[in-house]
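Residue numbers (my numbering), protein chains in the order written: chain A, 543 to 730; chain B, 543 to 730.
It is worth saying that the hints were derived from the structure and are not from the lab.
All C-beta atoms, glycine included, are put in the ideal place defined by N, C-alpha and C.
Heads up, a few of these hints could be off.
[What the hints assert, rightly or not] Just a sample of chain B residues kept apart from chain A, beta carbon distances all over 12 Å, derived: (1) Pro548; (2) Gly552; (3) Arg584; (4) Arg588; (5) Glu630; (6) Glu660; (7) Asp682.
[As the list claims (entries may be wrong)] Some chain B residues close to chain A (C-beta under 7 Å, calculated; not the full set): (8) Ala620; (9) Ile650; (10) Ile662; (11) Ala665; (12) Pro683; (13) Ala694; (14) Val698; (15) Ser719; (16) Glu722; (17) Lys724; (18) Thr727.
2 protein chains.
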Amino acid sequence: MSRWEPNARGRLEQAALDLYGERGFEQTTVAEIAQRAGLTERTFFRYFADKREVLFSGAGTLQEMLVNTVASAPDSAAPIDAVAAALEAAGTLFQERREYSLRRQSVIAAHAELEERELIKLASLASALADTLRRRGVKDPAASLTAEAGIAVFKVAFERWVDETNQRDLPQLIRESLDELKAVTAGK
Amino acid sequence: MSRWEPNARGRLEQAALDLYGERGFEQTTVAEIAQRAGLTERTFFRYFADKREVLFSGAGTLQEMLVNTVASAPDSAAPIDAVAAALEAAGTLFQERREYSLRRQSVIAAHAELEERELIKLASLASALADTLRRRGVKDPAASLTAEAGIAVFKVAFERWVDETNQRDLPQLIRESLDELKAVTAGK
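Input sequences plus hints: build the corresponding full structure.
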């Protein structure tokens, strides 16, 4: 029997990120994360498969949000515009959690294994977006290419955002990167 | 002391792919691959870290070839055209080894772990292409976006090529996918 723990997921995520920052990812154990969050290991494993997955638990929510935004775009919207709207909406969410995103990113950037996990999540997002476009009647290869182009824009904008010293926000960087992609593919 | 084995690398690659097809990737051991190739395990490990890497040993050659082609494009070439020329040249090489590529792909598609490895290799290619474009004076984010767009085109064209029933060749599918990317980013 387990009692309900208010916001256990969020507390575990925060505790994990704090410890990864203080001690390093390898040196941190699940027991320590649970203790820091004031919870048990058993509770940890109800939410996450392992200490790596704590860093990627937002991927499901992000995918759902991108897919729903694309699916609910007006029928008249060009595929790239439906995808751009979804990416900007996601960008707004990241922007609201900028501090958390930056700290998470610095842990990931320090570990090849975590960077690989991030790439795999991005590829899954591209695949989910392409499926959603197909359900809107977009043919292949346009569906795959639009989805891959969208994820490329997101990836590059995100890298600029976490590096950026000039404080432009992520939705703006996404719009700029999409404009730049249009320019480079046009051979400019 | 080891004697020289003619084309040991190629024989090991071929033996590995044969065995992965016959028995499955998991069920095949390095000892069996070496035996099938008429070589020793010791020779295997001179060329490959493990049985997974046999499938990815071409990645270094591919990267070198893409980077060299982009680096030697005329100064007047638009970045996307330099990248497209490199991808088409790579496409020609794959086309010449179509049978091998198709068999390799069917092994990879059956194993999430191998598909992940493939994604990571593609991300490394994008990163190497972006670096090469920067050395040609292309600024960011144009360099990153051109490289990511190029890899997206290659990925989608490759997926069509291995699926394709109509026998179009890979360089042609790469050109078509790039044209399609131009159309979708323009909002068509």
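Hint check results:
1. With 12 Å as the threshold on Cβ separation, the claim that Pro548(B) sits away from chain A holds: the shortest Cβ distance comes to roughly 36 Å.
2. Remark: the non-interface label on Gly552(B) is consistent with the geometry, its nearest Cβ contact in chain A lying 29 Å away (cut-off 12 Å).
3. Non-interface call for Arg584(B) relative to chain A: holds, since the shortest CB-CB distance, roughly 28 Å, exceeds 12 Å.
4. Separation of Arg588(B) from chain A is adequate, the least Cβ-Cβ distance of about 24 Å exceeding the 12 Å criterion.
5. No Cβ of chain A approaches the Cβ of Glu630(B) within 12 Å, the least distance being about 15 Å, so the stated non-interface status holds.
6. At the 12 Å boundary, the C-beta of Glu660(B) falls inside the reach of chain A, the nearest C-beta of that chain being 10 Å off.
7. With a least CB separation of 8 Å from chain A, Asp682(B) falls inside the 12 Å interface cut-off, contrary to its annotation.
8. With a cut of 7 Å, the hint placing Ala620(B) at the interface with chain A holds, because the nearest CB-to-CB distance is about 4 Å.
9. With a cut of 7 Å, the hint placing Ile650(B) at the interface with chain A is violated, because the nearest CB-to-CB distance is about 14 Å.
10. Annotation: interface hint on Ile662(B) holds; nearest CB of chain A at approximately 5 Å, less than 7 Å.
11. Annotation: Ala665(B) was flagged as interfacial toward chain A, and the flag holds, the nearest CB pair being 5 Å apart, inside 7 Å.
12. Interface hint status for Pro683(B): upheld, as the beta-carbon distance to the closest one in chain A is roughly 5 Å, under 7 Å.
13. At a threshold of 7 Å, the smallest CB-CB gap from Ala694(B) to chain A is about 4 Å, leaving the interface hint in force.
14. Annotation: Val698(B) was flagged as interfacial toward chain A, and the flag holds, the nearest CB pair being 5 Å apart, inside 7 Å.
15. Because the beta carbon of Ser719(B) sits about 6 Å from the nearest beta carbon in chain A, less than 7 Å, this interface hint is met.
16. For Glu722(B), the suggested interface contact is upheld, since its CB lies about 5 Å from the closest CB of chain A, less than 7 Å.
17. Because the beta carbon of Lys724(B) sits about 5 Å from the nearest beta carbon in chain A, less than 7 Å, this interface hint is met.
18. With a least beta-carbon distance of about 5 Å to chain A, the hint placing Thr727(B) at the interface is held under the 7 Å criterion.
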